[in-house]
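Undergrad: Throw the hints in and build the complete structure from the sequences for me.
Below, each chain spelled out in residue letters.
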Amino acid sequence: MDPYEVLGVSPQADDDTIRKAYLELVRRFSPDSDPEAFKRISQAYELVKSEKLRLEHYLFNRDVPGDTPFHAFLQRVRVCEKRKPMAFEQMKVYLRKCTKK
Amino acid sequence: MSKFKKHKIKGYESPKLLATQVLEEKTAADLDRQNYRRAKEWLKELCKRNKELYQPRLIACYQGLAQQMLGKGQLPEAKTVFEQIRLLTGRPVNGRLEAQSLTVADDYSAAASVSVRQYGEEGGGTLTAAEGKSLADALVIAFEDIPELQENHPDLHRELLAVRTALVHLSAERFADAQNELKAIGRRSIFADWRLFIKGLCAFYAGDDAKAREALQPFGKDSLLFRAARPFIHIINDGATPLSKDEVKEPLLMDICRILNRPELDHVLPRAEYLWRMGRHADSFEHVSRMLSDFPTNEPGLLRTLSRFYFQALFHMSSNQGDKYFRDLHYILKKRRNNDVANLLYARSRNLFFETDQGFSDPDLLRMWEEFLICHQRVAGESSRLRALVYAHLGDLFGNTLGDDDACESWFDRRRKKGTTRNFRLAEEAYEKSLALYPTDKEIHLKLLALYEQGDINTRRNRKLDEISRLFPDDKDVLAKNGNYCIERKAYLKGIEYLKMAVALDPLARINREALGVAYIKASLHFARQKKSPRYREFMKEAVEMGEADLTNMTLGRPYLRVRQAIFEWIGGWEKEGNLLLAEAMENGNEDGRLSYFAYLISRAYEAPLPLISQRENAIKTIFAAPAPAVVAALTEVIQYVRLIVPDKGWLDKEFKRLNACALKAANQPCTHQDAEKIVHYAFNERWPDRALIHRYVKKMLNLDPKSPLFLYFQYLYDKSAHLFQRPPTEKDLQRLRDIQALAVERNERLLINLLGKEIRQVEEFLSSSDDDDYDADEKDDDEDDDEDDDEDDDGGGGNRKATDFVKLAEQLVEEMGRISGPRGKSSSRRKKKKAATSQASLFDDPDCPF
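Taken in order, these protein sequences are the chains called A and B. Just so we're aligned: 100 in the numbering used here is position 100 of the first sequence, and the numbers increase by one with no gaps anywhere. Just so we're aligned: 902 in the numbering used here is position 801 of the second sequence, and the numbers increase by one with no gaps anywhere.
Since the hints were made in silico from the structure, they are not lab data.
Distance windows between CB atoms, simulated:
1) B:Arg428 <-> A:Gln12: 29 to 35 Å
2) A:Lys49 <-> B:Phe525: 31 to 37 Å
3) B:Glu351 <-> A:Lys49: 39 to 45 Å
4) B:Ser484 <-> A:Arg28: 29 to 35 Å
5) A:Lys97 <-> B:Lys152: 41 to 47 Å
6) B:Asn338 <-> A:Lys49: 30 to 36 Å
7) B:Ser634 <-> A:Phe60: 51 to 57 Å
8) B:Glu589 <-> A:Phe60: 30 to 36 Å
9) B:Glu365 <-> A:Gln12: 23 to 29 Å
10) B:Gly460 <-> A:Lys97: 49 to 55 Å
11) B:Gly460 <-> A:Gln12: 35 to 41 Å
Computed list of lysine-lysine pairs in BS3-like fashion (alpha-carbon distance at most 27 Å, straight line):
12) B:Lys766 <-> B:Lys755
13) A:Lys97 <-> B:Lys173
14) A:Lys49 <-> B:Lys548
15) B:Lys350 <-> B:Lys322
16) B:Lys180 <-> B:Lys322
17) B:Lys312 <-> A:Lys39
18) A:Lys92 <-> B:Lys312
19) B:Lys548 <-> A:Lys52
20) B:Lys312 <-> A:Lys82
21) B:Lys350 <-> A:Lys100
22) B:Lys534 <-> A:Lys49
23) A:Lys49 <-> B:Lys577
24) A:Lys49 <-> B:Lys543
25) A:Lys100 <-> B:Lys180
26) B:Lys595 <-> B:Lys548
27) A:Lys52 <-> B:Lys534
28) B:Lys766 <-> B:Lys750
29) A:Lys82 <-> B:Lys350
30) A:Lys39 <-> B:Lys859
31) A:Lys97 <-> B:Lys350
32) A:Lys92 <-> B:Lys284
33) A:Lys97 <-> B:Lys322
34) A:Lys52 <-> B:Lys577
35) A:Lys92 <-> B:Lys173
36) B:Lys180 <-> A:Lys97
37) B:Lys350 <-> A:Lys84
38) A:Lys92 <-> B:Lys322
39) A:Lys52 <-> B:Lys543
For glycine and all other residues, C-beta sits at the position ideal for the given N, C-alpha and C.
TA: In structure tokens form, the structure reads like this:
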């Protein structure tokens, strides 16, 4: 996963901003409350905590965010984005659409 | 279908010519298959023969057909069928069909009104479960007030309002309020499924996937809620929801985009996904880039994720697929000029993809990375730090040592020779360019130093070391490097000073402490040979002070240091002092004879005076006279350590033979699991493994415990070593390893489980690659039947590759086997022992310097 997206910072962020975001996330997702998220956050931080590491990540990382384009999209949504319900009107349209096979 | 066409169909049977019984059978069969169209043809004929009996069945058949058509959205066709029903019955179709047709026509409120009217006509409360659910669906999706419902069925109206309000709360992210509203709906209500659905959505948006899955899964197939819940379940299952065979995935993916509030992607990603899955990778990329104007990009967000996906997917493809994708991407990007970001991402991926390819020369790679730097400058401006990192990367690439072609040689020759550098000149230039751009990068300085060490270029190495020392005077790594280098040049005093400083900066860094220990020992031996007793006494005193109390580490352990001290006294000409020190050392920790044996072997390794060696030999004679397996196990540890110090000595080979004979003699006596493990591991680790010794101990331990996973694994290795170069691993071997792993799991032997898991994967890969090779060869044979010579060459190449792979696998296998000696399971001290042994090996790995 993209470490910047995990930490919720821009790739242009500096060391301080990244550290602050990391500490904030670690406070929210402690190893006891959500070990998986904690591991993910720590791994992301280790990849981008200094300028040199950030540049190395930018230059040489070979990770793929998913197996297919849609999987990459789902992975991103799963890790980086808060799920937000559809607006009521959209929900209406969606449910009505589901009447049709 | 016209009558003319019907008669043209092969095998068409005219109903008129069939007997009533046959027609009835055919009708029943077609109704079972829900083939209403054909069933109605038989029923029409039957009606002609007996209207009273068959007309109700014909009407029911028409109703089924109408329902089927409505399900498929065929409204005009369904209306024709409605007309037929009206003609037969003399009244309009029933309310349910009418409501369904209104829903298909998107007139939801009329459909709801008709459903309520039908419910009223049927007297309420007599609905089947399915009828209740379809009434609830019609009422909810109307999203409007239905006056008849409010007047005639206030309970239903109250529950409907609760569902609607809960949906409003849900959309506004007020999940608790939504759940509260749902309390008004009973479990037996016709809205019970809607209650469950909304609960599931609340859990989904609150991130509780397990609860959401539980709530969203139970809806019956073909229901509205089943279709509505499916995309949510697909997201929860991370895209792994099974689809039916003939189902098209795109609508589901479109729904997912919508429910995730990404309507802009619902016409992009499903198609891109389809193309990707069809293997049309570049078409998928082109589709996304055509539909999304900002793609590809480096800016944060979903498009960046997609950009990363498309430009990095080729690292995870097979080389053929990757090559093709790369060529197609190149073609697409060439057509779309002036897209600097795309060119930058492409150049980066291309360089990383091809830098491991043998087909590219080193200057080509250098040029490709320089092209990347130009692209980067265009997009993001100049960055000397980035440029420095690129050159450092090129330095690493060109400074790689080339692998040994002859795998068999490395198999026998444990102490690998120094490899040749791939391209020394370019590596040096690249590192220097990197340092010119960023002179304070210690890591690059150390890499350049390592390059000089690798190339044995001492003048440049010395100069670089001096430069690093000047630049980083207080860095422990640099001090340690300097110290080790001085010791290598026999500048002991200076070396020890550097190493002391490194240890002082980080007293917990074990590698530096061991390096200092080695330095003290080397220096003491040197000064003992020069008969400079104050010097070596001082050094050994400091070494003992720094040492460790236990017998684990033969470099830093105090008892071993004292034995060495005694030998140095002998070498220095102080026999009496030497004997006193030796006696003192033996008092502590020599129960299993390890110190006596250590003293004997080390005195021979240090070429101590002969009287001392004879004295030590006499001392160990008693040990060898009546050996116990525990003693043998201890002695194997000592002799393996000494081999690291004096690798190639004839006397040591003889000593190995003596110890093997002793171990065989001891095999008749009772033996613990751990001692047997040490002995077997030792035997495997020899240059020429003593198969008799391995067989004896493995058999002995399997007699005691036939299900011991470790010894079964040793047995497996033993059996394989019998025909190491004749037979590659087979399916049988794989099964055997799996059985052993199952036993290891039963006994919770974690390290062994991991080791076996790794080996099983390697064997599986080997077996599958052999299958691929066979397949490739077959394919080639099919394709190139005319060119027999080429085919033969290909087969030969594949065979050689297989053999090389297998030899590599075998090498790894024995190396891995070495790792399981010692730390199996519980004790952390055993793990420490293993770690210590590993680091000892690395420090003494210097054939020019026996001590």
